[in-house]
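J.: The hints should help you fit chain B onto chain A, whose structure is shown.
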Amino acid sequence: MPGKLKAKIVAGRHLPVMDRASDLTDAFVEVKFGNTTFKTDVYPKSLNPQWNSEWFKFEVDDEDLQDEPLQITVLDHDTYSANDAIGKVYIDIDPLLCSEAATVISGWLPIYDTIHGIRGEINVLVKVDLFNDLNRFRQSSCGVKFFCTTSIPRCYRAVMVHGFVEELVVNEDPEYQWIDRIRTPRASNEARQRLIFLMSGELQRKIGLKVLEMGGNAVVGYLQCFDLEGESGLVVRAIGTACTLEKISTFPATATHPNNSSPSKDMKDSPQAAPSTLGCRSTHSSPVHSASSRLSQGFSVSVPTLLFAGMKPRHRSSEVPRARQCRQVPHDPHDLVTTLPRTCHPVLHWQTAMTSPAPLPFSCQSNLVYSLKMPLTNQPGFGEEAPGVPLSSGPPTPLRAQTFSSFSPSKSYSRQSSSSDTELSLTPKTGMGSGGSAGKEAGPLKALLRQQTQSALEQREYPFFTLTAFPPGFLLHVGGVVSARSVKLLDRIHNPDEPETRDAWWEEIRQEIKSHAKALGCHAVVGYSESTSICEEVCILSASGTAAVLSSRFMQDGPLDTEHRFEEVVSPGCGFCHIPYDELNIPFPAQLTYCYCCRRYKVPDVLFTTIDLPTEANVTGKGCLIQARLCRTKKKAQGEGNATAISSLLPFLEYELHTQLMNKLKLRGMNALFGLRIQISVGETMLLGLASATGVYLTALPSPGGIQIAGKTPSDITYEQHISTMQKKINDTIDKNKELYEINPPEVVEEIIGSPIPEPRQRSRLFRSHSESSDEVSELDLSHGKKDAFVLEIDDTDAVEDIHALLTDSPTPAGFYSCNTEIMPGIQNWTSAIQMFTSVRVFRLNANLTNQGLNKIFSDLCENLLKSLYFKLRSMVPCCLCHLNFTVAIPEDELIQVAVTAVAMSFDKEQPLENGKQSGEKTLIKAITENDEQLQFNLELNAETSSHNPLSSPKGLSEVGSHLSARDRCSSWIEQLKLKAHTIRRGSVKTTSSLEKASPLPEGRSRSLRSNRSYSGSSVAVVKMTPLSFIPGAKIIKYLGIINMFFIRETSSLREEGGVSGFLHTFIAEVFAMVRAHVAALGGNAVVSYSMKECVFMENPNKNQAQCLINVSGDAVIFVRESELESTSVQTQSATTHTSNGGEGT
Amino acid sequence: MSMELDVFVGNTTVLDQDVYQLWLDGHTVSDAVRIRMEAGALQECEANAEVLHSDTTDQFRTFQMCERLLQSPSKVANQLLFQIPPHRQTMLIERYYEFDSVFAREVLGKKLSKGTKKDLDDISSKTGIALKSCRRQFDNFKRVFKVVEELKGPLVENIQRHFLLSDVLARDYAAIVFFANSRFEAGKRKLQYLSFQDFAFCAGQLISYWTVGAVDNMMEDLDVDLEKDFLHDLKDLKVLVNDKDMLDQHKSLVCAQLRGKIKVFSEMEANFKNLSRALVNIASKLTHTKDFRDLFIDLVEKLIEPCRSDKWTIGDLRLFLKHYSSSVHMLEAFRHQVIWDRYMSVIKSCILKMYHD
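Chain order of the listed sequences is A and B. The numbering of the first sequence is our numbering, which starts it at 1 and goes up by one. The numbering of the second sequence is our numbering, which starts it at 1147 and goes up by one.
In isolation and in its complexed conformation, chain A is listed as follows:
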């Protein structure tokens, strides 16, 4: 009996009128947990009842505490007939089970009814007394903290990052049970809501157990999803990253390096770890590139670049030869497709892995996994029609073919001969860790280290991390994007207790991802996520992430730390994009340049990732949201045939999305994508693909070339004119964009600094010019002559459409920026004004649209939605829409649904001081260090470290880091505040403003409660919501627990509720209100990492009905404004703090 749950029902307000005769209500409350139910007295004839009940006590297992929600039902007492339900409140008591989270739930919570929406509010008090459970075989996992945030939560420090945790729970969907035919919609909705509550509780508990098993105490980047599989059941699945977190709580802790897991050890073990600037560097640096990391880089280039290289042939080849080639696929000896010819795969470069048909007749019939791994090298039709395409310069080598096949046996590939897939030759070295070349390059110690790191990761089943931002020093190198999709046929889940089929499906995909990452030479996948799209009985499972090389620092304890010292050479601003190829073995001459930051290591020309932009990355100008949108019609089909049709369409879809992304990236003059998220949605007659990412110009990467348009056969003059006008338009757009996003890559710098290693650079130049060498191109090339030009050929309407699509993307209006990542490079001085919003649109299509027509409609839909958002939020200018998260769905045959959740944050127009200083300093450095590159390094590192480690930063450079060190300082103020809060609690209340100021601390709740009761005026506490992990201008001081809520709303009077828009508008507003209320009841004042995971909307206007399901999640937190922190701290400053100010020069 390890837990006692106590609940008290205080009062109700704004109740609906339940008795028409008296215009009043006789309300009472049922409080239910598990199978125990308590009731309050009836409070007669009032819309604002004051029950003020006793404490209802439930003595329960902590396992139940985790699984079950507390269920509060408000009813209207009726003497003669059955009592009418007014509505319900489900309270997730999980936050109360963790000592570091909330301690009490208290406040006004909306009473929710699935038919009528919010019907008044109820004031409750909930507490839990937990007894320690020492049972080793326990089934509960109380105390494991969950965070939706995909980075290390702000007031914690990662001691260890254990790795991937996943779990999946299945059940029958109550909506599809036989009983649903005889029960009311309300009963069915409530059964569903309750079931999902239970399932997610169970899921969380099970994940918690896994975390405990791994020795962790928290799950970060917790992503929970529902698959409403209809007839075949309901799946709740979750993934996350298990970590051991430590609260940054004591004062000295802030002084030690927040990212160093074992500071004391550092001191002991390494002489260099003395608080010199050099020692501090360790946290930011990455190891010297050993072979495997280099190889991984090689692939990272290859994904995007090859994509673009593949562009050319695509337009040369007509549909016919492509189709012909498809048929050749099965003949490939490596391909298992032959076992199931119907699902044969038209695109050769897509890796296809067929599983053998499952014993069950309808499950896993068609199962196709492909990925974006190395793929786009072999274009169908490439060799045949344009064998000598200048872009692909690599001559075929037998080695390549060998390695390719040896590496991934299930891969199909057709003609290495014509493609520029030289990088494939590197695969053997990569996958198996440090190959022979590693030894040549780096010291044996490093190779050893690499192996150790790798083995640390290989111990894990899946070296996946759902994190998108990392503690400095954790992410060493970034490979490319890896993704895998699989088309499955759903079948009824026969035994809910054994969700093996679904597990197996995901396992397959994860294996696939893992092998892709390996093939990219990376031992880990970061920014990992999974999703599904379901239409009837077909389900597309998708997983994607970014292959990466990670430091072992957070994965293993101690011993490796010493060795790390050898690797600290790489600047944090560019380290993650380096590709250090062997000079003699440059596999991809066209794509490599020396890092434009450090001039020491090689970098790719384009980088795609699913993670957030690392904070330390050097970026030129600002970023922007880049979207690729695509619609493809599909024949209506059933079952297996349908699955086959979908799987054959998928690769085209994904390929075109990538092409679009690449074009748009070039058009904006940028060279890297972050936060890439490709969503593919399946409907009965079409497939929808939406890729969103944030484009930036990484200073380390070379400036992208322009886009060249070339006609295939320039026969007549008008045609050529047409081309040249288009070319001009494109060039203009690129120039305009460069101006808009302030991309002024310091071309001059090349001359000023000179290249430290001039010869190789020259050489790479040469290679590059080779690669672009088409005469035709260079003639046309007017404004972007020096660089690689990306050639777009127009030979069919398709391509013309593409170009039009490129140019129709309207730029963001003045004063607006947009991105789908957490932060926007180049903007730091956020004001506190934030506005989170959700916008949903559903568009009805006409039947019989062509692909192009569909594309245009879909693209316009997204564009118009964005335009509307800008217009709506125009009062916040200058502002940036951050974390723009688009979700597309095909709810019905001819409907497209687009939902967006994002946050608008305004910022001060003036450039931040730090920025000015930084750039000033940079030019200074450039001037000084013409020949002394090492110095530049040191300086930059100093600047960086100073910002993270207030103790050790030298005074001269401290301004640079002031932005960040301010944060550190704040965390120390929190300690001050806490001390104060303590004294306040003990009774020595000083009636100064400090009480008010300190209140958002744990005591904050009591204040808000007080104000709730005493003052009926503006009593509702403001709760901020944001999809980001932080709140600008504020410090998160406490995480109160995860918010994970699922609501169903149904109506049979759609017109009366304002039609579909009115209905959904109200529902979304209600969901927000409920989230805010629950956060406030936990004592919080904000939700961070908020997301709307699911928004399933169904309507039947003829019957005047509609139904909607929404699932939201986020982290409830308490934040304090930094200004408040500072003003309070002024008093205490002199008393206690000298140490923390060390880092501050000014």
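Calculated directly from the structure, the hints in this document are not laboratory data. One or more of the hints may lead you astray.
Straight-line distance between alpha carbons at most 30 angstroms, and here's what the computed DSS-like set of lysine-lysine pairs gives [as the list claims (entries may be wrong)]:
no., chain 1, residue 1, chain 2, residue 2
1, B, K1221, A, K39
2, B, K1221, A, K45
3, B, K1298, A, K45
4, B, K1292, A, K45
5, B, K1419, B, K1407
6, A, K8, B, K1221
The following label-pair restraints were derived from C-beta to C-beta distances [claimed, not checked]:
no., chain 1, residue 1, chain 2, residue 2, range
7, B, E1184, A, G815, 22 to 28 angstroms
8, A, K736, B, R1214, 36 to 42 angstroms
9, B, E1184, A, P878, 23 to 29 angstroms
If you want a taste of the chain B side facing chain A, the calculated C-beta under 8 angstroms gives, among others [to be verified]:
no., residue
10, L1151
11, D1152
12, V1153
13, E1184
14, G1186
15, E1190
16, E1196
17, M1211
18, N1224
19, V1385
20, V1387
21, N1388
Bear in mind that the values here come from a model prediction, so they are computed numbers and not experimental data. We treat Cβ as the ideally placed atom computed from N, Cα and C, and that holds for glycine.
T.: Then chain B, alone, in the frame of chain A:
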């Protein structure tokens, strides 16, 4: 091909004040879009008509959803559905309860019943205010009236407390409630020249000096009702005109004061008895409901019109009324000075307010 559904929900409810006004004015979405376009909304943020339409529809829907709350403004602050900063809440409420004085003038003195609601069509076409807006304003009047009707204590404060309105607006509502409660005749042709503000001022005077609440703040009843005792006592003022000596004495006192000071002295001297009789008669008849309701029409017919036809200036009238009321204090035989002052101070300011073209 059409947008089936289009919603935007902010954590903090997004409210555009200009669009709110368009909504309050009862425009349709397409009207509002047109007006916004004419006002140059398209120049902002590179918008197009589609964007504007979507925004307007969305805003209108938001206001519609808020409307239920605005009807009991005290709920706005502690409802959970919309997160609206306090100053925005105040703006929403204040604007919702603001009304067109042209409309209020039309409704003034009418019974706020359903029957009158049918007349809204006529008022709408007469004033050019959209029917929807008329309906909202009328419903606001009715709602405020219903709530304060049953409350004790000072009218203005009650309105302010229950509807969270500004002082100025609360006073206007008090006037409307007062008129609706007392059913003053305000619709006669002869009264047409008077604006809502004129009446509101007079109502304010009456509320401040003649009602129950004026004497005792803690009275049990609605302070919208005039104090019965006072009205009864007014009958005693008849002596001023019935007693010939007193009337003559009063006249000579006033004439002595005004000689040479007003241009219309001779007209005044000739008319004094009529004017005085009119004023006193109005006072003495206020106990009768019918006459009470005709207070304003009587003032116009018996006083304002004669003066106007004699071309009195407002200055003349002010001086006359001043001395007319103060000279009474010198009549030794007259013993109802307090009642007289209470009566005259209000009547004087009302007449002066009403004395214009």
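J.: It remains to establish, for every hint, whether it holds in the given structure.
T.: Against the structure, the hints:
no.: 1; hint: B:K1221 <-> A:K39; in the structure: holds (28 angstroms)
no.: 2; hint: B:K1221 <-> A:K45; in the structure: holds (20 angstroms)
no.: 3; hint: B:K1298 <-> A:K45; in the structure: holds (23 angstroms)
no.: 4; hint: B:K1292 <-> A:K45; in the structure: holds (21 angstroms)
no.: 5; hint: B:K1419 <-> B:K1407; in the structure: holds (19 angstroms)
no.: 6; hint: A:K8 <-> B:K1221; in the structure: holds (25 angstroms)
no.: 7; hint: B:E1184 <-> A:G815: 22 to 28 angstroms; in the structure: holds (24 angstroms)
no.: 8; hint: A:K736 <-> B:R1214: 36 to 42 angstroms; in the structure: violated (48 angstroms)
no.: 9; hint: B:E1184 <-> A:P878: 23 to 29 angstroms; in the structure: holds (27 angstroms)
no.: 10; hint: L1151; in the structure: holds (4 angstroms)
no.: 11; hint: D1152; in the structure: holds (5 angstroms)
no.: 12; hint: V1153; in the structure: holds (4 angstroms)
no.: 13; hint: E1184; in the structure: violated (17 angstroms)
no.: 14; hint: G1186; in the structure: violated (13 angstroms)
no.: 15; hint: E1190; in the structure: holds (6 angstroms)
no.: 16; hint: E1196; in the structure: holds (6 angstroms)
no.: 17; hint: M1211; in the structure: holds (6 angstroms)
no.: 18; hint: N1224; in the structure: holds (5 angstroms)
no.: 19; hint: V1385; in the structure: violated (53 angstroms)
no.: 20; hint: V1387; in the structure: violated (54 angstroms)
no.: 21; hint: N1388; in the structure: violated (55 angstroms)
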